[in-house]
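One-letter residues, chain by chain:
There are 2 protein chains.
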Amino acid sequence: MHPILTVGSVAFDSLKTPFGERSRIVGGAATYFSVAASFFTDVRLVAVVGEDFGETEMEVFGGRRVDLAGLQRVDGETFRWKGEYSSDLNSRETIYTHLNVFESFQPTLPESYRPTPFVFLANIHPALQLDVLDQVEAPRFVASDTMNFWIEGTPDELRKVLTRVDALVINDEEARQLSGEANLVKAARAIQGMGPKLLIIKRGEYGVLMTREEGFFAAPAMPLEDVADPTGAGDTFAGGFMGYLASADEVTEAVVIRAIIAGSALASFAVEDFGLDRLLRLTPEELQSRFDYFKRLTHFEAL
Amino acid sequence: MHPILTVGSVAFDSLKTPFGERSRIVGGAATYFSVAASFFTDVRLVAVVGEDFGETEMEVFGGRRVDLAGLQRVDGETFRWKGEYSSDLNSRETIYTHLNVFESFQPTLPESYRPTPFVFLANIHPALQLDVLDQVEAPRFVASDTMNFWIEGTPDELRKVLTRVDALVINDEEARQLSGEANLVKAARAIQGMGPKLLIIKRGEYGVLMTREEGFFAAPAMPLEDVADPTGAGDTFAGGFMGYLASADEVTEAVVIRAIIAGSALASFAVEDFGLDRLLRLTPEELQSRFDYFKRLTHFEAL
Chain A
1 MHPILTVGSV AFDSLKTPFG ERSRIVGGAA TYFSVAASFF TDVRLVAVVG
51 EDFGETEMEV FGGRRVDLAG LQRVDGETFR WKGEYSSDLN SRETIYTHLN
101 VFESFQPTLP ESYRPTPFVF LANIHPALQL DVLDQVEAPR FVASDTMNFW
151 IEGTPDELRK VLTRVDALVI NDEEARQLSG EANLVKAARA IQGMGPKLLI
201 IKRGEYGVLM TREEGFFAAP AMPLEDVADP TGAGDTFAGG FMGYLASADE
251 VTEAVVIRAI IAGSALASFA VEDFGLDRLL RLTPEELQSR FDYFKRLTHF
301 EAL
Chain B
1001 MHPILTVGSV AFDSLKTPFG ERSRIVGGAA TYFSVAASFF TDVRLVAVVG
1051 EDFGETEMEV FGGRRVDLAG LQRVDGETFR WKGEYSSDLN SRETIYTHLN
1101 VFESFQPTLP ESYRPTPFVF LANIHPALQL DVLDQVEAPR FVASDTMNFW
1151 IEGTPDELRK VLTRVDALVI NDEEARQLSG EANLVKAARA IQGMGPKLLI
1201 IKRGEYGVLM TREEGFFAAP AMPLEDVADP TGAGDTFAGG FMGYLASADE
1251 VTEAVVIRAI IAGSALASFA VEDFGLDRLL RLTPEELQSR FDYFKRLTHF
1301 EAL
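Top line first, the protein sequences correspond to chains A and B.
For the first sequence, the numbering used here assigns the number 1 to the initial residue and increments by one for each residue that follows.
For the second sequence, the numbering used here assigns the number 1001 to the initial residue and increments by one for each residue that follows.
These are computed hints drawn from the structure, not numbers from a lab.
Warning: the hint list may mix true and false statements.
[Said to hold, decoys possible] Distance ranges between label pairs, derived from CB positions:
(1) 293(A) - 1190(B): 18 to 26 Å
(2) 173(A) - 1110(B): 28 to 36 Å
(3) 1110(B) - 172(A): 43 to 51 Å
(4) 1190(B) - 281(A): 24 to 32 Å
(5) 285(A) - 1154(B): 45 to 53 Å
(6) 254(A) - 1114(B): 50 to 58 Å
The beta-carbon is built from N, C-alpha and C at its ideal position, and this holds for glycine as well.
In isolation and in its complexed conformation, chain A is listed as follows:
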């Protein structure tokens, strides 16, 4: 088992879905990632919050394997995001994004974080991703996420990140945008040419596609009757994926594939309730039972 380091947003989210509303709940990519990954291994969090992020908010990390030595608390307000989902949950509108303390964030890794072998660069400015990566001594496996905003706005810095990551975890639209290819097979090949040998494409309710030596691995998502709130599903997937990977002795193709199922299972729980609520009350027994469900979901005898 190896520890994992992540850098990304810790935030206050306000959101509205067809099933309800929540104001100022704890969210952020690095938060979802850390809580999910901590089911499998020790997590070292690099992020920044403001003075408004108090003890109550810190409780989401309480009793978990999340090291907070790298979580800076500075003057000002915590990152805030507000979004509203469409009636079928397939699209969302951002009402506002206030970077606040993230605007001047300069990540400095605690000495104890530097030798971390597994690194996940969540969706933040690629310059910050590079900055953090530079401070890690000899990373063994690095994965990153990104979004349309950086693909369009900071393509050169993003390309630099891509030359240094082993795996890129993005959604299908981002893969198309980054590669300029409408077809996902072609998009995957083009992105692999930019650096990441392993590409993991998130397709929301349709699951995940992963590139492999020969062809692909595909994990369907679990068909869910009640999705309360899709916020953080992708980051939860990434957390489960990287956490499982770091918990293994070696990164083999079979382990990567099981890690995808681990991420898919955690994400399927995350969306069942608002914010982090479902993950925070998730038991290891429930998680194991969903791993079993995922096996039944796709397995068949050879024809």
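Given the coordinates of chain A, assemble chain B onto it according to the supplied hints.
Positioned in the frame of chain A, the structure of chain B alone reads:
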């Protein structure tokens, strides 16, 4: 191994995709279905063509296990459809649909067809589906397809069909429309309440969902680099599915699941070229190799 009977359209298609155009090529739901199913079992075709459907066109059935005793040839023109696909192949516009000889089609089953144990009612007027079903002596397993046109236009007759089928094979949009439920889990349950115990939902490039006693079975589609023409993919899936099912001794859940893979594999070939071209030159070895690919596509060791 059991023979299978199908009723549906045999047609002339004209189509345009981003990769080319074809005029007046042989198509139709029952044609794709029959060619696909004939890889696994004997097919008995019930359909009608006009005088313009000659020996050359008949060649698509040549040397296959397709019984044409129920294929009527009457005065007039064969059913014609013309369609044009969007640049990403995700939608298509129908330029015209000329029912022609189908307008007055009265299916009469040859005596030899009556005891057929497996029946597939392809997408035609539900009254015709019922008419054919009434002429089968003691069907053991009946499946049907339908479309938005019948869901809206002939709901009562469609409901009658549904009370008499074991399986319904439709796409996700049709499932939502038929049930009035946006969520597919709820849609599936509502449709099962209308009759078919087994619901198979086609999701195009995302594969297939199947209801089962506990939860679902999900088969992702094969990620394809070059899709020349999606026409007939759904009917090819249904043909592979029902053909495989009929070729087995018993209809168990494990067999139904393998049948879904058989259908998915055949459909993945069908779209690689225009019309029936790829299916017509498909070898058993290629098909077996794709079954193996589908196994690698989704299988993983238990977590």
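Beta-carbon spacing of residue 173(A) to residue 1110(B) - inside the hinted bounds 28 to 36 Å or not:
Hint violated: Cβ distance 52 Å, outside 28 to 36 Å.
Do the Cβ positions of residue 1110(B) and residue 172(A) conform to the proposed distance bound of 43 to 51 Å?
holds (49 Å)
Could you tell me whether the CB distance from residue 285(A) to residue 1154(B) stays inside 45 to 53 Å?
Taking Cβ atoms as reference, residue 285(A) and residue 1154(B) lie about 49 Å apart, which means the hint holds.
Honestly, do residue 293(A) and residue 1190(B) meet the 18 to 26 Å range at C-beta?
Given about 22 Å between the Cβ atoms, the range holds.
Could you check the hint for me, namely that residue 1190(B) and residue 281(A) are 24 to 32 Å apart, CB to CB?
Distance hint for residue 1190(B), residue 281(A) holds at roughly 30 Å.
Can you let me know if the beta-carbon spacing of residue 254(A) and residue 1114(B) is within 50 to 58 Å?
holds (52 Å)
In terms of the numbered hints stated before, the structure departs from hint 2 and from no other.
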